[in-house]
Structures are given as C-alpha cells and as structure tokens.
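Participant: The primary structure of each chain is shown beneath.
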Amino acid sequence: MKNTLKNVFHSPRFVVGFTIFMVILLTVLIYPYFVTRDPLLGLGKGFLEPGTYVSVYDTNTAGTYRVELPEANMNRMESSVPMEDRVTIIEFLTAKGVDVSHLTTANGDVPELVSLWQENYDEADVKKSKYPGFTTQAKRKALARMDARLSGDSATAKMTVTVGDGDDAATTTVNDTDYVKVNEVANSITLPLGTDNFGRDTLTELVKATGISLLIGLIAGTVATLLGLIVGLLAGYVGGILDDILMFIANLFTVIPGFVLLILIYYSVGQAARGVTTCALVIGFTSWVWTARSVRSQVISLRNRDHVNLSKLSGHSLPRIVVTDILPYIASYVVMAFILQVSSGILAEAQLSLLGLGPKTTDVPTLGLMMNWAKLFGAYTSSNAWWAYFPVILVIALISFSLNLMNTGLDQVFNPTLRD
Amino acid sequence: MSEAKTRINKDFTNAPMCLSGRGVTRVFTAGRTRTVAVDHVDFDFHVGEFVSIVGESGSGKTTLSKMLLGLLEATEGEIQFMGKPRDISTGAKKREYWKGIQAIFQDPFSSYNVFHKIDSVLLDCINMRGGKNLPKDKKIEMMTEACSFVNLKFAELTNKYPFELSGGQMQRLMIARIFLLKPKILLADEPTSMVDACSRATILDMLLDLRDETGMTIIFITHDIGLAYYISDTVYIMEHGKFVEFGKADEVIINPQAAYTKRLISDVPKIHEEWDLSTVDLKAAE
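Same order as they appear, the protein sequences are chains A and B.
For the first sequence, our numbering gives the first residue as 1, with consecutive numbering after it.
For the second sequence, our numbering gives the first residue as 1001, with consecutive numbering after it.
Calculated directly from the structure, the hints in this document are not laboratory data.
You may find that some hints are simply not true.
Below, computed lysine-lysine pairings styled on BS3-like, alpha-carbon distance capped at 30 Å [as the list claims (entries may be wrong)]:
1. K1160(B) - K6(A)
2. K1117(B) - K1084(B)
3. K141(A) - K45(A)
4. K1136(B) - K2(A)
5. K1160(B) - K2(A)
6. K1117(B) - K1136(B)
7. K139(A) - K128(A)
8. K1084(B) - K1099(B)
9. K96(A) - K128(A)
10. K96(A) - K45(A)
11. K1184(B) - K1084(B)
12. K1184(B) - K1136(B)
13. K1182(B) - K1132(B)
14. K1117(B) - K6(A)
15. K1117(B) - K2(A)
16. K1153(B) - K1184(B)
17. K1160(B) - K1182(B)
18. K2(A) - K1153(B)
Could you put the whole structure together from the sequences, leaning on the hints where they help?
Facilitator: Written out as structure tokens, the structure is:
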C-alpha cells in the first residue's frame, strides 16, 4: 500500500494533476475565511470591469496630502484625450498642411498635439476653407465638440466641491495636487474579476460556484461508481440470470443517450425540487453504466482465477470472496473510474445548467449557472464582459484537466504496459 | 523419492469407493460454438488410491477436476461421493463437501490472494476444521507443525506476503494447507508443472507422505505419463474429453492398448535411448 502510494506520487502527471486540483480545492476551502460576504450579494447594477473601486463621496472626507507628480498632467491628458481624438487631430492638421510627421498618437506626443490643435483650429476657418475630409457639417460639428472638450482639459483647474446641503453647506477647493490615501477612504472595493450582470462580485461567486460544482461532481461520482461497482460485481461474479437481467438494464441505459435521459428526468423533477443534491443524484444515476460494464468484464476474468477457487474451497461466503478476493484486484481501476466520474459529473452539471436545467437559481451559484447567466445577459455578445464567463470556463477546464491528468498518471502506475 | 514410497502395488478394486461418476459431461457454449470439454466419462476412485489422470493440453483434465471439486457444474451425469449422490446445491452443503475434498492448483503464483498474508491462508484451514476458538498458541503450534511437514519454517514465513516466496515454497505451503485440512480426497492439478525438477521431486514425495499418513485419496492430474507411472496406483488416460484407457499403472503403461496411450508413452524422453519422435502427430499439434 505504502509502496503503491510512493509510486503514484512519483508519476509526474499525477503530481501535476494533483497539485492543480489541490490548489483549486484549498482556494475553495480557505477563501470564505477571508471574504465573508454572501457570494450572491448584488454590489451594484450590471457588469463592472475588474479593478479597484473607490467611493467618490468618501474621498471628500478623507484627509488630503500634497503630492506633485511630474507626469500628473500628462496622465490626465491621457485619460481625457481618447485615441480617436488623437487620430482626428492628426488628420485635421495634415489636411490643413501643418507638418505633423514627427508626431504620433503615443502618450508623450499628446501635449504637443493639443497645443498645435489650439494654435490651428478656428471654427470659422474650417467652414470657409473646406479642408479635404472635413467638408460635411457633421464632421465640422464633431471638430467643434472636440475643441470644446480639449479646451476644458488643458487648463490646470481647481475644483470646488460642496459638502453637505442647505445652511450647513460648506465648499472646499480641490487642487490638482491634492491626493487621498486609498486605505483612508472609508469605502473602496477591489473586484479582481469585476461583477456579473447582477452586480455580484464574480471572484467570490466563482469560488463558491467551484465548491458547489466539486460537491456535485463528488456526489455524482460516488453514486455512479458505487452503483456501477455493485451492478458490475454482482453481474460479473454471480453471473447467470442475474447477469442477464442487470446487463439488460445496463443495455437499456446505453441505448438511450444518457444526456437525453438526464434532460428528461431533470425536466420532470421540476425547477422547485432541483437542489444541488438532486442535481448530483440525477447525474450519478444516469452515468453508472460504463463503470458497471467494465467492472463486470474485469470480474469475469478474475472469478476463474485460482486464488478465488482456493477461497471458495476454504469455505468463504460469496460476499467475503467478492470483498476480499475480487475487489482489491480491481481497486486501482475503480479509483481511476471514480476520478473520471467526478470530472464528467462536473461537466454534466455545466452542460445542464447552460441549457437552463441547473439547480434552483436563487440558492447557490454553480459553474454551469454562472455560464448560463453570462449567456442570458449577453456577456458573450453585447456587454463583452469577458470576466463574467472566461474565468468560469478556465476553472471548468482546469478541474477537468487536473482530474484527467491524475487518471492518466494512475493508469501509468497501475498498468505497466503504459510505462515509458 | 525412495522406491518403497512410490507405489504400494495394492489392489484397490475391492476398496470402498470415495468418488465415482457416470456419464459426466461438460459442454461449453459461447454463441453458436459448442465445445464438449468432458464427454460422458465414467470413473471410480477408491479410498486411499493414488489416481493419475493423464492427457495432453486441452483434453479436458482441468474441466473434469473443476467438476470433481464442485467449482463447475456438470452439464450431464451423476457424481457419487462416499457412496451417496453428491449434493452441493446450497452454500452450506458445498462448504461441507469441501471439508472432504481439497485441491492444489497448477500455478502457485496465482493461487494466493496477494493482498493477504500467509498466516491467513493457514488460519482459514484451522477455522474450517472447527478450530476457530482455539487459543492463539495452539493455532501457531498447528501452523508450525504443518510448515515443518513441508520443510518450511513458520517463524520465517509469518507476516510475509505470498509473493515474497519462491514458486516451490508456495507450492509446499499449499501442501501444508492440505496437511492442516486433512481432506478425504486431494485433487492435485498439475502441481509440479510450474516448479523446477528439484522442487518437483520434493513435492511428489510430500504428497506420498501425506497419503501414507492420512490415507487420503489423491487424484493427480498430469500431462506427464512417466511421472504418473512412477507414483500412481491407477491411471486414467484422457483424450478429447474421453477416457480412452484406464487400469493399474503397470498394466496400462507396460502394455498399452489405446493408440493414444502408446503415443503418449513414446513421447516421453528417455535418457539412455534416442528419443523417438516418429509418432509425433504434427498435424494434431497444429
């Protein structure tokens, strides 16, 4: 036993798979101790991009510090002169005949571009001169709007903020060199993966969903493996009419596509009754067939071995022979089948949920449900919110990859013909 | 092996019957193919007799032995055990039957459950003989005695796994098992074919000792007619699931009647003569 474990942990594939899986599992277990918020709590409305969000309201009450960043103006420029504007400026200046060949749209050139713009732009002149490309009224109006924007930004400004209302209102002046310390602001939140369509923190939701999906996989895998093992052992060892009956049932399940069966059972159960456990059980009860078939064939080849005959001659009972003389010989195989069943259970849940047949949507998130929500609320298309679905896909892929890698590693250890 | 031990040369025809069969048949069907492994064989094994069943590979020896052991059901025919029709319809009756008949298998390497220690094999035998509640010391004493009967030291074997032993040691341990069980009939299915010549002599010697000591019937299944001649009282020659000839070992081998027996005898390599290969049927071998 000890030796087998040692061999298993010497297989690089198994170790890599095991490490990935353990990292995911540990994250799922430890993360809730750091972020105690309800994973389904809506923080805002709609998709928010990943980033740190600082309360504007609270920045006014936080203490200010004087910081003179040399590149402060340039940074402001960068965030206020968008790329399209820079392109338009270059187009306009070129049309007017100003030499801008040494300038590009890069950040460093923005101040010079803006000053050249202010020297050369004149609304009346544009109307009169009809520069190529800027002859239509729409274009000219766009230029006028851009000019208004740029002239507002170029001045280093002081802002006046009113705090309070009515008679208590007091105004404070905010200089462009005033800074607040982020951790002194009463409210700020870092959303590494943004929020989903309901405004839920995607990362927290994802961790919870991974945990639930793993649980579904575990329950489904255990049910499928146990059921397959019992059917396979009985059919294989007892044989005869019992074998015929059990294999008839197994054949029925094989002929009817498992997924269709899954959808039908799932649909008839109804949305209200579809909890996480029901979901896992239904998946487990429809995926035992191939485990049963392969266990059966292994048992058939084992039952005529001499050690089984000797055990019979020693007067051992049928259950004892099955448990002590058959089961240990197929244990490695069963462990491998179990790992694959867990993996396919997780995938089956994702498929079902993506079709809208997942567990009740109000209770818990699952990986499949997150995909379903992302699809329903246009994260793939209109909102272009990659953070709402891509991390989910990645986690599903990683779980399935790590489990399959573990399985291949084990296969290599237990099946000497596969060793390199 | 000393000459005195090899054969008693006793006439067993009037000895009490321990296992006999009439029209025992076994047919294997797989889809449409139908293989008759054992075809209506009749046999009478007497108490204390050393019977050899000789035949080439695929002649149905092992199928017959499995039927005798009750591990395989006969398609047809009747087997009598100790003068009464054999009844192994329930698990309890089977267990009772197996107290009377035990086996040593061909391949010692696959005869043991590799997950169990050697002690458990021997303890099972003590339990089967009703010694479950004996004190631990007594059990160890019995196991030590059984091991020393086959020239093994129990102290060296205890807590070891079967795969830590050599093939010869494993097969001797199988005999130690029989020594503990003391069944009325021992069915030895080619017990020497997987071990070296030296261990073979030791194992045969031990089987004969066991017979002398407990008076058990030994049914020895082999493909080696020379070996059968040296140790058996009675020889049954089996070809394609049928007994083509049987009788006292001397009579059958010195004066064979069936062509198949003659061929088997001529196929035995002899040390002082040139090996006669003219009778080898190449077509049959294919």
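Participant: If a hint holds in the structure, say so; if it does not, say that too.
Facilitator: Hints, one by one, checked against the model:
Between K1160(B) and K6(A) the alpha-carbon distance is near 20 Å, which keeps this suggested pair within the 30 Å criterion. A threshold of 30 Å between alpha carbons decides the hint, and for K1117(B) with K1084(B) the separation of about 38 Å lies outside it, so the pair is violated. Straight-line distance between C-alpha atoms of K141(A) and K45(A) comes to about 34 Å, which puts the hinted pair past the 30 Å bound. Pair hint K1136(B) plus K2(A) holds up; C-alpha atoms about 29 Å apart against a cutoff of 30 Å.
Of the supplied pair hints, the one linking K1160(B) and K2(A) holds, its CA atoms being roughly 15 Å apart against a limit of 30 Å. Only pairs whose Cα atoms come within 30 Å are accepted, and K1117(B) paired with K1136(B) is accepted, the gap being roughly 17 Å. Distance hint between K139(A) and K128(A) is fulfilled; the C-alpha atoms sit about 14 Å from each other, no more than 30 Å. Of the supplied pair hints, the one linking K1084(B) and K1099(B) holds, its CA atoms being roughly 16 Å apart against a limit of 30 Å.
As the CA atoms of K96(A) and K128(A) are separated by approximately 12 Å, the hinted pair is consistent with the 30 Å bound. As the CA atoms of K96(A) and K45(A) are separated by approximately 46 Å, the hinted pair breaks the 30 Å bound. Among the hinted pairs, K1184(B) with K1084(B) is consistent with the structure: their alpha-carbon atoms are about 15 Å apart, no more than 30 Å. Only pairs whose Cα atoms come within 30 Å are accepted, and K1184(B) paired with K1136(B) is accepted, the gap being roughly 27 Å.
Distance restraint check for K1182(B) and K1132(B): the Cα-Cα separation of roughly 16 Å lies within the 30 Å cut-off, and the hinted pair is therefore satisfied. At most 30 Å may separate the alpha-carbon atoms for a hinted pair to count; K1117(B) and K6(A) meet this at roughly 21 Å. With a C-alpha separation of about 16 Å, the suggested pairing of K1117(B) with K2(A) holds against the 30 Å cut-off. Between K1153(B) and K1184(B) the CA atoms are separated by roughly 26 Å; this keeps the pair inside 30 Å, and the hint holds.
For the given pair, K1160(B) sits about 24 Å from K1182(B) by alpha-carbon distance, which is consistent with the 30 Å threshold. For the hint pairing K2(A) with K1153(B), the CA-to-CA distance comes to about 27 Å; that is within 30 Å, so the pair holds.
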